[in-house]
Amino acid sequence: MSGLRSFVARRLLLGGVQTVAVVLLVFALTEALPGDAAVSLAGDQPDPARIAAIREAMELDRPAWERLADWAAGLLHGDLGTSLVSGRPVRQYLADGFGPTLLLAALTVALLVPAGFGLGVLAARHAGRPVDRLISSVTLAVYAVPEFALGVLLVTVFALRLGWLPPTAVGYGTDLLAHPAALVLPVLVLLSRPVCSLVRLVRAGMIDALASPYVAQARRYGVSGARVRYTHALPNALAPAAQQLARTIDWLLCGVIVVEALYVIPGLGTVLLGAVAERDVPVVQGLAVVFGVLTVVLNLGADLIAHRLAPRAGAAA
Amino acid sequence: MRSPRTGRFALGLTIVAVPLVLALLGPVFAGEPGARAASFTLGEGHWLGTDFVGRDVWRQVLHGGRPVVLTALAATALAYLVALPVGLLSALTRLRWLEELLMRPLDVLLAVPSLLLILLAATVFSPGAVGLALLVALANVPDAARLVRAAAAEAAARPAVEALRMQGETWWRMAVGYVGRSMLRTLAADAGTRLTGVLYLVATAAFLGVGVAPDAADWAVMVDRNRTGLFVQPWAVVVPAMLIVALTTGTNLLFDAALDKGGRRGPRRTEKEARP
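Protein sequences, first through last, are from chains A and B.
First residue of the first sequence? That's 1 in the working numbering, and the numbers climb one at a time after it.
First residue of the second sequence? That's 1 in the working numbering, and the numbers climb one at a time after it.
The hints are simulated quantities; they were obtained by calculation from the structure and are not laboratory data.
C-beta atoms are modelled at their ideal positions from N, C-alpha and C, and glycine is treated no differently.
Take the hints with a grain of salt, since some may be wrong.
Reference listing, derived: stretches of chain B covered by chain A, where coverage requires no fewer than 3 residues with Cβ under 8 angstroms from a Cβ of chain A [unchecked claim]: (1) 111-118; (2) 196-209; (3) 221-228; (4) 239-251.
Calculated from the model, a selection of chain B residues having no Cβ within reach of chain A, i.e. all distances over 12 angstroms [claimed, not checked]: (5) 17; (6) 32; (7) 36; (8) 99; (9) 102; (10) 162.
Pair ranges (Cβ atoms, derived) [as the list claims (entries may be wrong)]: (11) A/8 with B/98: 26 to 32 angstroms; (12) B/107 with A/179: 39 to 45 angstroms; (13) B/258 with A/53: 53 to 59 angstroms.
Given the sequences, and given the hints that come with them, work out the whole structure.
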């Protein structure tokens, strides 16, 4: 029992340190600007008025640690700073892009779990037979493909050749739910990589579990096949998959940025790319902190769940 | 033994051969750049039409593979160049503080999504191809170092290492001669998945405009820039996109088939470190 508690405590501590590190890393960005930060941010329009405005907006005359303290204190209150380009608060940028991104992510995760587990269990049940070979090869192949290449090919086939779906979400604004056809391709592309990796993990875990002595024993007792599969074997196959589900967050984040750019969806990824292109450092920093902390929290949750599901498997940790 | 594995190996090799040959030998056969034509046209002596600024698409395709492949290979090599010594040293040292000092900072870096790291850097610098390779390598170091450390720790806990130690063999002999050699198989499997992941990151970053010139001859950049003409001239997008798909898929299939011998490995199974 003390082993469990100390694992939880250590993992929570790591999560806290990671959060602080993300904040420090993101803040260090302005310090990493070569030369005079204000001059290099002004970039293409280096007129003195703009440089002075940037210097004042970012309070570059004050020592770094003071700015860090101010910024971190602001973060705690949900104040993420102000954009250099538009002067609007960063929080407003977040609020604008939040809806479409959340919609995409929620749809993807909602489809990912049943599709991943369903296909994984299916493949494991038919291990070595054509169904399994087909699922294994396709997942292995698609797993490696970058979203933008897959997405552009899907657009060519389904929007251009067949004309079934709109090629992009241009003109639909943030109200995407009213145009479900525009969501099909983005969600499909977002799903491609995570589903493949989840299927492969569930398949491997299920094959191991189904070959284990306790499953053989349950079968000898006459427990039905479905019950053995879903109440005895699946939970053990779940632990590595639960961790993978959190690693998937990293991919979903990369995927969301690409997919939003590809299908012109006005979400957080588009906001981030726009800010990167305009060198709008406060907006980039605000979004990066939100994304980074989200990743830390989700990974933490997944590790704790995985540990709860299969404490013995985690005993080596 | 022949059937599925050999089949998959041949399949992977076939799929990866086309983009790889194009990437490595393409620039040799590309020839001199012709005069610019109108953008997004088909025919008129241009086998695959013209791109968004009127350049010959086939010529761009011949040139566009090399940056993707070379950047990915360099980034993978760089990642191991850092990860190998760090992982080996932290697995074999008996100084607890040194181990913590080497591995803890990497745990923290592991928390930052890789594409976010690259985009953050792109806000501040304008990385070229070298910068992109360094960034992708940096994003891969934490995971690679953990894997090296786990594999080395497992090998270092074997009785053979105890015996070597008692015989008074040098540290170098133990670390490289025994531990390094016995984890080659794990490393090879990891190198395969890592190269696939690196190819993904390099291509995606280039698609988002990081580390490349806006009109560069690069398959990912071609997909991005020629998207506006997709309705008029799809070849300028479809051909480079298919080549990227073939390159990544083929690499993954090839490595999976080549290493499918003892114990299948799932994709990126996250190994919890086993303390010796």
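Hint check:
A stretch counts as covered by a chain when three or more of its residues have a beta carbon under 8 angstroms from one of that chain; for the segment 111-118 of chain B and chain A the count is 6, and the coverage holds. Counting residues of the segment 196-209 of chain B whose C-beta lies closer than 8 angstroms to any C-beta of chain A gives 8; at least three are required, and the coverage claim holds. A stretch counts as covered by a chain when three or more of its residues have a beta carbon under 8 angstroms from one of that chain; for the segment 221-228 of chain B and chain A the count is 3, and the coverage holds. With 7 residues carrying a beta carbon less than 8 angstroms from a beta carbon of chain A, the segment 239-251 of chain B meets the three-residue requirement, and the given coverage holds.
The claim that residue 17 of chain B is not at the interface with chain A holds, since no C-beta of that chain comes within 12 angstroms of its own (minimum 15 angstroms). No beta-carbon of chain A is positioned within 12 angstroms of the beta-carbon of residue 32 of chain B; the least distance is around 29 angstroms. Residue-level check passed: residue 36 of chain B sits 24 angstroms from the nearest beta carbon of chain A, beyond 12 angstroms. Every C-beta of chain A lies more than 12 angstroms from that of residue 99 of chain B, the closest at about 15 angstroms, which supports listing it as non-interface.
With a least beta-carbon separation of about 16 angstroms from chain A, residue 102 of chain B lies farther than 12 angstroms from that chain, consistent with its non-interface assignment. Every C-beta of chain A lies more than 12 angstroms from that of residue 162 of chain B, the closest at about 21 angstroms, which supports listing it as non-interface. Checked against the given bound of 26 to 32 angstroms, the beta carbons of residue 8 of chain A and residue 98 of chain B, roughly 27 angstroms apart, stay inside it. A C-beta distance of roughly 43 angstroms is found between residue 107 of chain B and residue 179 of chain A, which places it inside the suggested range of 39 to 45 angstroms.
A beta carbon spacing of about 58 angstroms between residue 258 of chain B and residue 53 of chain A agrees with the range 53 to 59 angstroms that was offered as a hint.
Violated hints: none; the structure is consistent with every hint.
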